[in-house]
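S.K.: Let's have the full structure, built from the sequences with the hints guiding it.
These protein sequences, in sequence, are chains P and L.
Residue 189 in the working numbering sits at position 189 of the first sequence, and the numbers go up by one each step.
Residue 1314 in the working numbering sits at position 314 of the second sequence, and the numbers go up by one each step.
Hints were generated in silico from the structure; no laboratory data involved.
Ideal placement from N, C-alpha and C gives every residue a C-beta, glycine not left out.
Take these hints with a grain of salt, some might be off.
What the hints assert, rightly or not - Result set (SDA-like, lysine to any residue): computed pairs, CA atoms no more than 25 Å apart in a straight line:
#: 1; chain 1: P; residue 1: LYS51; chain 2: L; residue 2: ALA1214
#: 2; chain 1: P; residue 1: LYS51; chain 2: P; residue 2: LEU68
#: 3; chain 1: P; residue 1: LYS51; chain 2: L; residue 2: SER1224
#: 4; chain 1: P; residue 1: LYS51; chain 2: L; residue 2: ASP1206
#: 5; chain 1: P; residue 1: LYS51; chain 2: P; residue 2: ARG29
#: 6; chain 1: L; residue 1: LYS1179; chain 2: L; residue 2: LEU1108
#: 7; chain 1: P; residue 1: LYS51; chain 2: L; residue 2: ASN1124
#: 8; chain 1: L; residue 1: LYS1179; chain 2: L; residue 2: ASN1124
#: 9; chain 1: P; residue 1: LYS51; chain 2: P; residue 2: LEU202
#: 10; chain 1: L; residue 1: LYS1179; chain 2: L; residue 2: PHE1162
#: 11; chain 1: L; residue 1: LYS1179; chain 2: L; residue 2: ALA1092
#: 12; chain 1: P; residue 1: LYS51; chain 2: L; residue 2: ASN1209
#: 13; chain 1: L; residue 1: LYS1179; chain 2: L; residue 2: ARG1229
#: 14; chain 1: P; residue 1: LYS51; chain 2: L; residue 2: LEU1205
#: 15; chain 1: P; residue 1: LYS51; chain 2: L; residue 2: ARG1229
#: 16; chain 1: L; residue 1: LYS1179; chain 2: L; residue 2: GLY1166
#: 17; chain 1: P; residue 1: LYS51; chain 2: P; residue 2: SER66
#: 18; chain 1: L; residue 1: LYS1179; chain 2: L; residue 2: ALA1164
#: 19; chain 1: P; residue 1: LYS51; chain 2: L; residue 2: ALA1092
#: 20; chain 1: P; residue 1: LYS51; chain 2: P; residue 2: LEU20
#: 21; chain 1: L; residue 1: LYS1179; chain 2: L; residue 2: GLY1169
#: 22; chain 1: P; residue 1: LYS51; chain 2: P; residue 2: ALA32
#: 23; chain 1: L; residue 1: LYS1179; chain 2: L; residue 2: VAL1255
#: 24; chain 1: P; residue 1: LYS51; chain 2: L; residue 2: LEU1208
#: 25; chain 1: P; residue 1: LYS51; chain 2: P; residue 2: ARG14
#: 26; chain 1: P; residue 1: LYS51; chain 2: L; residue 2: VAL1213
Stated by the list, open to error - Computed footprint of chain L on chain P; a stretch qualifies when at least three of its residues, placed anywhere within it, have a C-beta under 8 Å from a C-beta of chain L:
#: 27; region: 79 to 87
#: 28; region: 90 to 103
#: 29; region: 113 to 119
#: 30; region: 161 to 171
For reference, the chains in residue letters:
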Amino acid sequence: MMLEVRDLAIDIARPDAEPLRLVNDVSFRLAAGRTLGIVGESGSGKSMLLKALIGLLPGTIRATGSILFDGTDLLALGEAEMCRVRGRRIGMIFQEPMTALNPAQRIGDQIAEGIRWHRRVSAAEARAEALQWLERVRIPDARRRIDTYPHEMSGGQRQRVGIAIALAMRPDLLIADEPTTALDVTVQAEILDIFDELVSDLGVGLILVSHDLGVIGRIADETLVLYAGTRMEEGPTEAVLRHPRHPYTRGLLAAMPRRGGGVGAGGDLPTIPGTVPSLAALPPGCRFANRCGCVTEACRAAEPAWRTAADGRGLRCILGPEAAA
Amino acid sequence: MFRLVLRRGAGLVLTLLVMSLAIFLVMEVLPGDPAAIQLGTSGRADTLAALRQSMGLDQPAVVRYLAWISGMLRGDFGTSFTYGVPVAGLIAERLAVTLPLALMAIVLSTAIALPLGVIAAARNGTAVDHGATLFTQICVAVPNFWIGLVLILLFSSQLGWFPAGGFPGWEAGLGAGLKALLLPAVALALPQSAILARVTRAAVLDVLNEDFVATARAKGLNRSAALWRHVVPNALVPVVTIMGLQFSFLIAGAVLVENVFVLPGLGRLAFQALAQRDLLVIRDVVLLFAGLVVVVNFLVDMAYLALDPRLRGRA
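M.R.: What follows is the structure in structure tokens.
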């Protein structure tokens, strides 16, 4: 197994209180060349999770548990060792292509910089490779565009450059934080195509975080659903999206806009009532209890444990897999 | 891009013209007849009239303005009333002290401020940052002429490493000249470096939280590589702005330090000329100050274009 995250918890230090737990009890595995989709609303802890994976959590935030990457626990590595993993073994793509590139550096140089940081190649070789990557992410007229600055490109093109920067170092694992959220729908589709193609061509493992189930359904082999800092459901994407077992996943699916209307002619888009609870004031039982349509007395008593069903799918719900309607 | 440079260049010439006009008008309305001052109280009316005629003061203002400008363009700055020598030579002599002094001061100030500001920002909130803050607070609070006096006391009187003042002239050799300018340059640089360090720190702190810095770190760049390659180049615009203002101040405002170190600089020339009503010298020196400031601003504008490619597109 290329990546194995076990019992990951992330805490933020507070000056006048106990550390606040941002992420609790998250475990998952990812094999080389596979794609894991992580779904969750804002505040679900998904961005923190990615930052923990690449070792770029801010100083006041600490991760515990283990992140085994090809058998090495990344959480035990020092900063210098982590610098050799970052970029070279694990690449990252960011949400905002408009701000994720250095405005004062030509895009070709930004791609070549990573190549030369990790490998002993000449500037000319690195530039030639950068050009190839620009072509692979389908930047039109790449030979000329290699010397342009980010502000001369559209958001979609900048995101392709972001992908080229990450892939040029030939990482084994690519993590992408809402890579299409800031883009137009048509551009989103193009970017997802590029992901699809490159990930299968290069055999890169991909973790894609999104709040958009459409994106997840389109690209992920496995799906992990996060809510308020912990995992709620996990399984093969198709199974999770077609036969969701957790009321939260069902709520998310119902809230997806569909052509023709999922609810009946002229009906409003269904929403999940209420909001994600504050991590500082979590309810004693299930984190989703105050918004759940199937809530029982037992739900409020204690947080349900994570259980793996006979078919291998994981669930954190007192009702169990059979209860799914 | 080229058109932009050309346009800024044209603006520079226009600014200088307007300034020369303003300076000329101010000198016109200023009380005091240069001929009468030169002649002193003993002057008789007919001598005065003759002198006025020989100095060209009887001509109408427009003619005198044009004569001044065309003279300046030909390198003829007129003759000083008090020194009795060509103003051009006088200014060139002083500029040979003031310009190297200002350059040394700005280089020193930048060499102190840039690393200090960048490191203080990178170590935000640590002892290093607090130490840098303390240093800059002290340097800002202390006037440069006082630093000059302390430097003389320490390095000239006590240790005898540097001359206490005066300038041997560049004929005495580059080493001797630089040695005479080093202490005054330090005195000028310290307060300026403190301000520059604060500006640098704030600018770097701003850029540190930008997304592209995370991109650089995600490439595997360590903290210092991300800092110097990605953060600093993007934080330099406000720093260069302040450097431009400070350089202008160093050219024109070094009078006090020049006096402390008895340096024959432009500031002292302007000060003495003002005290002696040597209007021709004042006029030329003030225009020169203005010209230098305008040129520095032009260079700062060009530096913006070099630093931030986003500005190049806007003509």
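S.K.: Now tell me, hint by hint, if it's right for this structure.
M.R.: Here's how the hints hold up against the structure:
1. P:LYS51 - L:ALA1214: 10 Å, holds
2. P:LYS51 - P:LEU68: 15 Å, holds
3. P:LYS51 - L:SER1224: 19 Å, holds
4. P:LYS51 - L:ASP1206: This hinted pair holds, its Cα atoms lying about 21 Å apart.
5. P:LYS51 - P:ARG29: 17 Å, holds
6. L:LYS1179 - L:LEU1108: 14 Å, holds
7. P:LYS51 - L:ASN1124: 21 Å, holds
8. L:LYS1179 - L:ASN1124: Distance ~37 Å between LYS1179 (chain L) and ASN1124 (chain L) Cα, so the pair is violated.
9. P:LYS51 - P:LEU202: Answer holds: LYS51 (chain P) to LEU202 (chain P) is near 23 Å, not above 25 Å.
10. L:LYS1179 - L:PHE1162: 7 Å, holds
11. L:LYS1179 - L:ALA1092: 20 Å, holds
12. P:LYS51 - L:ASN1209: Judged against 25 Å, a Cα distance of about 15 Å means the pair holds.
13. L:LYS1179 - L:ARG1229: 35 Å, violated
14. P:LYS51 - L:LEU1205: Answer holds: LYS51 (chain P) to LEU1205 (chain L) is near 21 Å, not above 25 Å.
15. P:LYS51 - L:ARG1229: Satisfied, since the Cα-Cα distance of roughly 22 Å is no more than 25 Å.
16. L:LYS1179 - L:GLY1166: 11 Å, holds
17. P:LYS51 - P:SER66: The hint holds at about 14 Å.
18. L:LYS1179 - L:ALA1164: 11 Å, holds
19. P:LYS51 - L:ALA1092: 61 Å, violated
20. P:LYS51 - P:LEU20: Answer holds: LYS51 (chain P) to LEU20 (chain P) is near 17 Å, not above 25 Å.
21. L:LYS1179 - L:GLY1169: Roughly 11 Å between the alpha carbons, so the hint for LYS1179 (chain L) and GLY1169 (chain L) holds.
22. P:LYS51 - P:ALA32: Holds. LYS51 (chain P) to ALA32 (chain P) sits at ~20 Å (cutoff 25 Å).
23. L:LYS1179 - L:VAL1255: Roughly 19 Å separates the two Cα atoms, so the pair holds.
24. P:LYS51 - L:LEU1208: Holds, at roughly 17 Å.
25. P:LYS51 - P:ARG14: Cα-Cα ~19 Å, so holds.
26. P:LYS51 - L:VAL1213: 14 Å, holds
27. 79 to 87: holds (count 7)
28. 90 to 103: holds (count 9)
29. 113 to 119: holds (count 4)
30. 161 to 171: holds (count 4)
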